[in-house]
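Add chain W to chain B, keeping to what the hints say.
There are 2 protein chains.
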Amino acid sequence: MASAKEIEEGNQIRLKLNNSGMLPVVTTDANSKEVLMIAYMNQEAFDLSVETGEAHYYSRSRKKIWRKGETSGFIQKIKEIKTDCDQDAIWLSVEMVGGACCHVGYKSCFYRKVVKDSSGGVALEFTESEKKYDPKKIYKK
Amino acid sequence: MASAKEIEEGNQIRLKLNNSGMLPVVTTDANSKEVLMIAYMNQEAFDLSVETGEAHYYSRSRKKIWRKGETSGFIQKIKEIKTDCDQDAIWLSVEMVGGACCHVGYKSCFYRKVVKDSSGGVALEFTESEKKYDPKKIYKK
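Line by line, the protein sequences give chains B and W.
In terms of this note's numbering, the first sequence opens at residue 157 and continues consecutively.
In terms of this note's numbering, the second sequence opens at residue 157 and continues consecutively.
If you are wondering where the hints come from, they were derived from the structure by calculation, not from laboratory data.
There's no promise every hint is true.
With a straight-line cut-off of 30 Å between C-alpha atoms, the simulated DSS-like cross-links for lysine-lysine are [stated by the list, open to error]: (1) W:Lys-269 x B:Lys-189; (2) B:Lys-269 x W:Lys-189; (3) B:Lys-220 x W:Lys-287; (4) B:Lys-189 x B:Lys-269; (5) W:Lys-272 x B:Lys-269; (6) W:Lys-272 x B:Lys-189; (7) B:Lys-161 x W:Lys-220; (8) W:Lys-219 x B:Lys-219; (9) W:Lys-296 x B:Lys-189; (10) B:Lys-161 x B:Lys-172; (11) W:Lys-288 x W:Lys-219; (12) W:Lys-219 x B:Lys-161.
To give an idea of the interface, some chain B residues facing chain W are shown, with a C-beta separation under 8 Å as derived from the structure [said to hold, decoys possible]: (13) Leu-173; (14) Glu-251; (15) Val-260; (16) Tyr-289; (17) Tyr-295.
All C-beta atoms, glycine included, are put in the ideal place defined by N, C-alpha and C.
Isolated chain B, as found in the complex (with noise of 0.2 Å):
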């Protein structure tokens, strides 16, 4: 097993998989820097973005390989790909293909802010103003 100072301090990539084979990886848009989406990665999913420069991920839900785009087009170009100190966590900075990441219709995934409201407890308040998009006509049985 790699030592951390190994792992923190080489080039080598030694990517460190949690109990289930996956790690954490947020993605960025490109161009305004703002974080679209988090989501997991598998080895699998990590090569196949390192092949073919468009984000795959793996969905926990449909226990798949997800190439992302591949029902909405909203497809991710990625443009730098980094890992963290630990490397259990990846950073992907992206073009985004049609404007939109979150399956909801927003840009990104992160529409809503945390505010603290009237009564002294917690909401959240929107931040985007309008959908790029109708999920409904997208994503169809």
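Just chain W now, with coordinates in the frame of chain B:
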């Protein structure tokens, strides 16, 4: 249980924690928009972050709440907290205190990018030219 529509279209917080009671968090620099780190929160870390305005995570290795900067002094002042469509991930936009985030010494934990090497394989290339501090001086046993 809340429906997917209620979770995605509503203004109520209904954080969806994983089987270990956590969810992944991406933290970006509010000024440069750079991704600094990916870590995890449990409900307590989320509540403490909202309440104090300083980033709190859950340390999986130490199995306890981790107030970022508690040892190093590199505190993260929260400018914005967002959640995603499924409410199973968090995005923190922060102002960094001390100019560094990573325990290895770099500003961001993502200090290496994935490149193809001459033999057709994949390697890592350092993207930060120097460490911001000497970890040995800060993290004394």
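A quick look at each hint next to the structure:
1. For the proposed pair Lys-269 (chain W) and Lys-189 (chain B), the alpha carbon gap of about 16 Å is at most 30 Å, so the pair holds.
2. For the given pair, Lys-269 (chain B) sits about 16 Å from Lys-189 (chain W) by alpha-carbon distance, which is consistent with the 30 Å threshold.
3. A C-alpha spacing of about 39 Å is found between Lys-220 (chain B) and Lys-287 (chain W), which places the hinted pair above 30 Å, so the restraint is violated.
4. Annotation: proposed proximity of Lys-189 (chain B) to Lys-269 (chain B) holds, straight-line Cα distance about 17 Å (limit 30 Å).
5. For the proposed pair Lys-272 (chain W) and Lys-269 (chain B), the alpha carbon gap of about 38 Å is over 30 Å, so the pair is violated.
6. The hinted pair formed by Lys-272 (chain W) and Lys-189 (chain B) meets the criterion: a straight-line CA distance of about 24 Å does not exceed 30 Å.
7. For a cut-off of 30 Å, the pair hint linking Lys-161 (chain B) to Lys-220 (chain W) stands: about 24 Å separates their Cα positions.
8. Distance check on the hinted pair: Lys-219 (chain W) and Lys-219 (chain B) sit about 29 Å apart at the alpha-carbon level, within 30 Å; holds.
9. Our distance criterion of 30 Å between C-alpha atoms is broken by Lys-296 (chain W) and Lys-189 (chain B), whose separation comes to about 35 Å.
10. Taking the CA atoms of Lys-161 (chain B) and Lys-172 (chain B), the gap is about 14 Å. The hint holds against a cut of 30 Å.
11. The hinted pair formed by Lys-288 (chain W) and Lys-219 (chain W) meets the criterion: a straight-line CA distance of about 27 Å does not exceed 30 Å.
12. Between Lys-219 (chain W) and Lys-161 (chain B), the direct Cα distance comes to roughly 22 Å. Compliance with the 30 Å bound is thereby established for this hinted pair.
13. Because the closest C-beta pair between Leu-173 (chain B) and chain W is about 14 Å apart, greater than 8 Å, the hint is violated.
14. Below 8 Å, beta-carbon pairs count as interface contacts, and Glu-251 (chain B) has none with chain W, the closest being about 16 Å; its hint is therefore violated.
15. Because the smallest distance between the Cβ of Val-260 (chain B) and any Cβ of chain W comes to about 5 Å, under 8 Å, the interface hint for this residue holds.
16. For Tyr-289 (chain B), the interface hint is violated, since its Cβ never comes within 8 Å of a Cβ in chain W; the closest pair sits about 14 Å apart.
17. Given the 8 Å rule on beta carbons, the hint for Tyr-295 (chain B) is violated: about 12 Å separates it from the nearest Cβ of chain W.
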